[in-house]
Each structure stands twice: as structure tokens, then as C-alpha cells.
Amino acid sequence: MAKLSLRGVSKAYGATLALRRGDLEIEAGEVHVLLGANGSGKSTLCKIVAGSVRPDAGEVLIDGKRVTVSGPQAARALGIGIFYQELSLAAHRTVAENICLADLPVRRGGFVDRWALAERAGRYIAMFADVAGEGFGPDALVGNLRADQRQLVEIMKALASEAPVIIFDEPTSALDRAQVERFFEILRTLKSQRRGIIFISHRMDEITAIGDRATVMRDGETVATLDLKETTPAEMIRLMVSERSDLAAETVAPAVVAASGAAPALSVGNISGPGFRNVSFDVAPGEILGLGGLHGQGQSAVLRALFGAAKIRSGHVRIGGREIAAASPRSAIRGGFAYVSGDRGRDGVIQGRPILENATPIHYLKQRLLLARPNALRDKVMPALDSLRTKFATLAHPIGSLSGGNQQKIVIARWLIERPDVLLLDDPTKGIDLAAKTDLFTLIRQLAAEGMGIVLYSSEDAELLGNANRILVFNGGAVSRELTGADRTRYNLYQAAYEAA
Amino acid sequence: MMGSVSLSSLYRQPLVVALALILLLLVIGNWLSPGFASGTQILRLLIVAALLGIVAAGQNIVILGGREGIDLSVGGIVSLSAIVAGNVMHGTDAAIFPAIAACLAVGAFFGLLNGLGVTLLRIPPLVMTLGMLGVLQGLLIVIRQGIPSGQAAPALSRFVTQPVLLGLPGIIWLWAAIGIAMAFLLRRTVFGHRIYAIGSNEHAAWMAGVPVRRMRISLFILSGMFAALAGVCLLGYSGSSFANVGEQYMLPSIIAVVFGGTSLAGGKGGYTGTMAGAVLLVILQGILTTVNIDESGRQMVFGATLLLLMLFYGRGRAMRA
Amino acid sequence: MTDTTPSMAAPKPQADRRWIERYPFLPALGILLVLLALNGVFSPNSLSYRSLTGLISTYLALMMLAVAQTYVVYAGDIDLSAGAIVSLVNVVIVVTMERLGGGGGAVLAALGIGVLTGLACGLINGIVVAALRLQAIVATFATSIFFTGFALWVMPVAGTPAPALFWRTYGGKFLGLPFVFYVVIALAILLYVIARTRLALQLLAVGDDAQAAYQSGLPVVPIRIRGYILCGVFSALAAFCVTGDTASGDPLVGGKMTLFSVAAVVLGGTALSGGWGTVAGSLFGALTIGLINSLVFFIGTPSEWQNFVQGLAILIVLMAGILVGRRARA
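Residue numbers (this note's numbering), protein chains in the order written: chain G, 1 to 501; chain R, 502 to 822; chain D, 823 to 1152.
These are calculated hints, taken from the structure and not from any lab test.
Glycine is no exception: its CB is placed at the ideal position from the N, C-alpha and C atoms.
Among the hints, a few may not be true.
[As the list claims (entries may be wrong)] Facing chain G, a subset of chain D residues (Cβ under 7 Å, in silico): (1) 1018; (2) 1019; (3) 1020; (4) 1023; (5) 1030; (6) 1034; (7) 1037; (8) 1039; (9) 1097; (10) 1098.
Isolated chain G (complex conformation):
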């Protein structure tokens, strides 16, 4: 009998159907992977199981018995634990308090039993003791931790539920290799304890490494459940995207752009700042320069600093020969920079506002506009959106009505109305679906072909290898190696990334 099963679960937010028909069967003692592009309904499905989203229809069964999950508290009582993709931590509380927050040990009279709390939290902290990194401990405030450390706390919190069914919704997106390895060891232990695990990740290697079975979702519907031992990655991807099966094919690495006599589009000379030091590089017009390496080695820090969102302490930056010292994004934009962040919820999307207003702010700034005339703006915005094959109803619809990939397209489109000289891409495809990724890289290559200088950081090596003309590998805040021509191989990239780490 299945440990947990969902039958015909659906959920709509207003007119948007987030989950059309979700079916899922989890056996005890398996790691069950949920596969699907963003917006395919995975997270909604998980949140319904965890009680934080109320389903419109369908039923949930635990050990064959029909149950009603009336809220997160009820879900815990029913034996369901969850790791939330967006994390559910209290920044001003300690690691130990966060781990035990849902079920604080109390003595008579409602007093927190500090000793029991430390003891219980200590068990989970010990599991990651040697991979958690500096500054991590039971009394550290969560707000002071790095992104990967916060993610570890959320993992520990999910583990502390000691639930028979635990859901992990993208638990590894910020973790480094050693942390992922340790996490997988723990998952194997949980399997041996006959617990049911739901696991979501966008990294194919992780899916094949830890998963037993996979359920594929597409457009809010469960498409198939597969045994991972008998399935190839290509087949999984084909099921996820269906209509465009050619996406799985490896793109061919572009050639090196010949160093022409023309001035570089961007010239960075020996800059240092918070999180990076002594970074130098040139980007020729038409070149896509890749930044690689393990996450958090200074790639994002450099891009954000170039864009004026963080300080550059020393060194120089030139665009087309002009010296530029951007004190804010505003002056960086005026100087010719554009920046697209992978964290679109924080850096890009103006939630609740129409698509039109999300696509126009750069146009406003560069044209020094005072009036916003909808018809004139529409003529400017439509070509940009079309070039990205953006799907939307009308420009007046709020941006939140779109899928993650299409939201990111709107954010990118705002940079296409007035062309920048240099485009900085900071992991732009994080958490967006494959179809949108393809549209995006098609556009990026086209922009390069038209002479724009592009700097691309991606946490996915395949994207760098498939698109960048040259790759700088970052390590500890500095460039440790440059890969050009035939050197651009996955092997070299890994080797350079791990060299000094």
C-alpha cells in the first residue's frame, strides 16, 4: 500500500490554473523525484500535501486512509514534513530555535526547555557539522548565515519533523558538492528507515544519483511515473517539454570571437570589492564571456558591483573606452550597462503591476520621459516581447499572472527597448523552464551577433559550455583560470573550479 497518495488534486488562483490534475503515489522507503518545468505545478502539489495550500478538488490518502490536511499544523500531525523552496526561517532567531520552531520543547507552565532544545537541535546540526562551514552553530542567528547555510537549516528543520513522509522542494539549489553528498547520505539513511521522500531538483545528475522513481508533471498535470533505473535523462526531458523535443540536444559550442582591433565593449582592470579581488577581463563586441566555477566564488559579486549595486574599491571599468564609475544602478544604466538577475523575485519583478509597467522602466529612464502614453509604449514593448516569444494575454495583465519563465522574459525585455552596450547576466535562467531557457539563449546569441558585449554567469555548466566564447573560472573571489577554444570542456571546468577550493 502506498505511504502517501494524491488523486486528482487541483488548484486555481483566480483565473490561473496552477494545478490541473495532480496524481502521485509515494511508497515507504523510496526517494520519489518530482520532475517538471517551472510552473508545471510541482510546488503547488507539495504545498497541498504540506497543508499550506488549500486544494480545490481531489483527495489525499495516507497509508490508504483518506485524510483532510487542514493546515501545516495538521500536516505535521499526519506525519508530513517539508523543506520549502523559499525557506521558512525566522532570520532573527538562532539556528537551534529555527530547527525546533514547529515543536518547541516546553516544560510545565509553558516555559521553553532550553536544554532539550539544544540537545534536539544538536543532533541535526551534528549531521552536517563538517560541511556547514564557518560561523555555523546552534546559537548563530539565521539572518547572519550564508545562503547555503540557511538552506541547511531548512533541511535540518524538515528532518527534525521526524515525519514518515518528508518533502524536499529544491533543497540543493544553493548547496556545494560536499553538502549535497552529505545530504544524499542522510536521504539514504531515511530510505533505510522506510520513510517516503519526495525530492525536487533541476539538476539531472542529482536526480539520477538519488532518485528511485520519478513522477513527471507538465502544465499542471501528472504525465507519467517512471522507474529511474530504466529511463534516460533525454526521455525525462522529452516528457517534461513534449512539444519541443529537440531541446534536449546539446547545443554546439560557439567559436571564439576573433580579437578585432576595435575597442573592447567592456574593459575591467584589476577591480576589487566585497567578495572579489583583482579581477581583470575584456569583453569584445559580439563576445559572450562566461563566468564559471562553484557558486558564490565572486561571480555574482563582480556583476552586481559592475552594475553599481555594490561597491568597487579599486581598479577601473571602461565601456567602449569610456571610464565609468557606477555609484548606483541608475548611473550604470546611463553608462550602458544592463543587468538581469536570476533572483527575479527580488531584483526584477514588480509584483502586482501590469506587464507594461514591468517592461518600461529602462525606457523611462533613458528617454527621460515624464508621461506614460500606453499606445506609444505598447509599440515600444511589443517587438521586445515578441523577440523572446513571450506568452501573455494583454499588456495590462499583472505580471504575476505569468509563469516564472515568462516573468523573466518580461524583465529581460525591459533592456531590449533601449539597447545597452554591455549585458550582464547573473544566472539568468535560475528556476525557469527549459523552453524559456532556449528562447533566452537564442536571443542572447543574437544580441551578441549584433555586437553587444555579454557577460554570462551561470550555475549550470552546460549553459556556459554551450554559449560562452570564453570562460573565466572563479575561485575564492578571483579568476583562477581562463578557458578558451578546445579547452572549454566540462572536465577542465570542474578541475579549475575545484583546484584550490
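Given the structure of chain G, go ahead and fit chains R and D onto it with the hints provided.
Using the frame of chain G, we list chains R and D on its own:
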């Protein structure tokens, strides 16, 4: 026509609710005290609503600008402006415009201080404007020791209380013009779009080149100026200024904004609803003053009715989606 | 060129930053001590045992109300009706004491009814804000109008005196020490005990990120309601102090105190956005307001300028407190 779909879902709905409630209250008011919904009565209420509505215009954009934007100092600015206007014009028509200019300058000055505190020093708006309210109240006491309360110019009083065009007093026309200007500002100007942008996602707006600090300072300056304008009109309404006359606008201006469907979290709402919210609030007060109950009962009914009306608006999202 | 460590190293909390993290009220305490010293400079007599006792007995009510406000601010809420609750409890206990004859039993019964009144008001606020999900600022403003109306119904005009037993005890001495001294000790113990409860931690977790707390399985709505109840009860205690201090009933006595309680909370280093703060800081914040008022008097400010100087000083101290706290944390 673009915009119709989302506009209706964003703005029109609270507006429809507010208008329906206004009608309902008028019917109830007329039933409780026949003649309540007569033309002259409604006109009198509209004048009072215009005063509140002008204060609420500034409050509205500060709230729309987000980051817990709120302006508690408006009450103090209204009082101060009424005193300044009364003393500059001294009952002479010729001095009306210098008086208005002086008041707007005073309002802008205190708005600027609020804005600087909120942006440069990053003091939460509630704290900054609360502190400023304390300063303004102290200042009012100082001023009232030294100078008389001042007199409204006759033309100003006529403008506020007597019909000037189509049987409507000037202040109603002024308020209508402000309403149109605000709708235009919020929907059809870059400044307006930027207000929503910083209110909805300040960081993203900054990354897209919006001058966030300058924007926010402007919003507080505008709020101070609207409050000052209301102070001048209030002087015209009452003839002479008296102590702390503006305090009655502090929290009601926020309630009018909320009744208009603007979220206190920022980035969502508009002024058209706020105008209806101001009318709604004033009619409610009007009904309570006409019925024959003592002060305690009046306050209890007012408080309870406000809560009841709030159930129609501004309810936060449920934790469980 | 610098050789600072790159981003790989976790941000290393410096010593002073650690201190502020553990004791967010330190800047408030510092400001309080400076003000105390200034008071001593301008009027050495103001630091006498007698003056300090007087200061505490005058501002004990505000201290209680600041504590009350702190518990709702913990959870990211606010209570603009706290002052109205003070007024209501004030008139309720004075009328009750008068009706029951003003003896010891009458006083105790009245205090019991007062606490229950505060609790009921807090419950109403909690239901309105947390369960009905109205915005706290406007909803508690509406309830404050309601509570004030109720207070006016209980006692239409100010002036009914409290029985002598009550205010003589409050202003008197017990075993050679002022009664308020025992109240402060009891308050300190009570606050220490409450700080150790699960509720305090849960309120802070809710204030940190309500959605995250809910998704973690915390009963967010009941927790916020409990915060408002705690606020209502402490508002009632504040009303007891007001009654002891003024020795009479006044249906509008607490109205002005609400905004001061908010200011005291902020002065104490508690974040209005929730999730961060201490009640000790709020006590210091309330005393700071008291010391500012007395300092303005001692430096010989002309009477018509006193409110202005007080307002300006409070604004400056508010800003200074926030800036110092932030600098130490950043």
C-alpha cells in the same frame, strides 16, 4: 481599450463597494433623520469630505510608495498651515495667494524633513512622522502664545462654503480637479508608475534605475503640501483657526485611504477609491451627529461601524492560500 | 588593494555586534544613562532617592504600557487602542471601587475586574486583527474609538475620586520602601518569566516572517491573539498605575499615552516590523521619555517652549537610537 481588465479588478471593485455603501448610508441617514439626504445637506457633507480628501491625497501616495509608508504628521501640518494662513491673510482678499504660497512652503518643508529622515537616516515612517507630529504640536503651542489666531479672507470663506459654479462651492471643484490630477498622475505619468514600482518592489525598482530616495522624499513633500492646502481650506471653512484643529485628520485620512481600497503595504490602490472613502467616512460621522444619542453611544457606534466597514476592504491575505 | 577575505568566509560577528544582538536595548540604556547624567548636572537634586522614586511612580504607567505595546510589536502588529484601554480600565475600576464601598475587598475585586476588562479588550483587538485580518493600524484605531465610547458610558465626566486606600497604598511606603519599588520588582520578575515562555519565542517568530511561521506549523492566528491579550492585560496594569498616580477616574486619561508607548518601544531598540526586540528596552524607552521631560524643565525652558523642546528631543533621541542600533548591528 487597454487596461480595462486589470483596472477593473484593481481599482473599480473597492470603488463600487464604497459607492454602494455611500448610497446605503444615505438611505439609512434619511430614514433616521428625514432631510439628511437633501441636496444642501449632501453639499455640506461633501465640503467636509473634500477637506479630509485633500489630506488623504498626500497620505494616499505616501502609503502607495510602500516601505510601511505612512504620514502621521499631517494633522500637525494642517493645524500649522491654518494658523500661518490666518496670520498672513489677516482677513484681506489680496493676501490670499501669498498666504497659500507660504503654507505650501511650510508643508513642503516639514514633508522634506520627514522624507529626509525616512530615506537618508532610514527611520521607519511611522516613527519619523510620529516624532514630527510631537515637534509640530509643540510648535503650535509656541506660536499660539505669540500671535493671534488670524482671520480667513472673505473670498476664501466664500470659495469654501458658497456656490461658485453650477451651484457647487469652489472647494468641491478644487477637490474634483485634484481627483482628476491624481488619477492622471498615477496612471499616465512616469512618476506615477514609479510610485507603484517602489511601493511594490523597492529593490527591483532601484535595480531598474528608479531614483528611489528622491521619489520617496517627493512623496512626503507632496503629502506635506496637500496637508497644508487642506489647512488653508479649513481656515476658510471655519473662519478662524483654533488649536489642534488638524488633529482630527490624522488617523481618518488613513482610514479614508483604506476604505478606498489602497493597501497599507503599498503598491496597490488609487485615489479615486480614497475620495469615495472620504465621503463614506464623513457621511457616517454626519449620521451619528444627527441622531439623538449621547457621546458615548455615538463613539461606540462609530468605532463598531468602522470595523464593520473595514470587513469590506483591506482584509489581509489568509495564511493558507 | 586590500587583503580582506573574500565572500567565502561567513560574516564574522564582531564583539560589539554580538552584544547588540543579544541585548538590543543597550543603545537605549546608554541614552538613558546620558540623560540621567544630564539631569544630574542641571539639577543635582533630581538624582536624589526621592526624585527618582517620584519619576518612577509618574512614569510607571507608561512603562507598563510600553511593555504592553512591545508584545504586539514582537509579532509585527501594533495596538493604537492601548491608551483607550487604559482609560476604560481606569474608569471601570474607579466606579467599581466606589460602588463596592472603597474597602480592601472592593479594591481587590475592582483590580480583578480591571484585569478582565483589559483581557477582553485585548481579545477583541486580537480577533479583529488576527482572525478577521484587518490592518492593525486602522482596526485598533477603530477599537480605540469604541473603547473610548464605552469608557464615556461608564463615566461620562472625569472626576470621580478613587478611594484613599488605593492611592495611599500606591503612593505610600511598605516596610520602609516606596510601594512602587515593589511594583517594579514584581514587574521585572514577571517580564523575566514571560520572556522564558514559548509564547514570547513564538510571537517573535511570527513577527519575523508570519508566512514562514505558519508554514512551519505554528498556529499564527492564536499566537497573535495571545499577543494582543497580553497587551490588554498590561494596559490594565498601566491603568492601575495611572489610577494610583491621579487618584481619580477620567474617561480620556490614556488617549495621549498610545503614541508615547509606541515611541518608547522604538526607543528601546525594538523593531516595529516585528521579530526583534526586548521588553527591557521598552522600560528604558519609557523612562527616557520621562527624563527628557524633566530635563527640559530643569534646563529652564520657558513654559510655552517646553512641548516643542520635548517633541524635538524625543524625535532626535528616536533617530539617534535607531541609528546607533543599526550601526552596531551592520
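For each hint, the structure was consulted:
no. : hint : verdict
1   : 1018 : holds, 5 Å
2   : 1019 : holds, 5 Å
3   : 1020 : holds, 5 Å
4   : 1023 : holds, 6 Å
5   : 1030 : holds, 4 Å
6   : 1034 : holds, 4 Å
7   : 1037 : holds, 4 Å
8   : 1039 : holds, 4 Å
9   : 1097 : holds, 5 Å
10  : 1098 : holds, 5 Å
Going down the numbered hints, you'll see the structure goes against none, and every one checks out.
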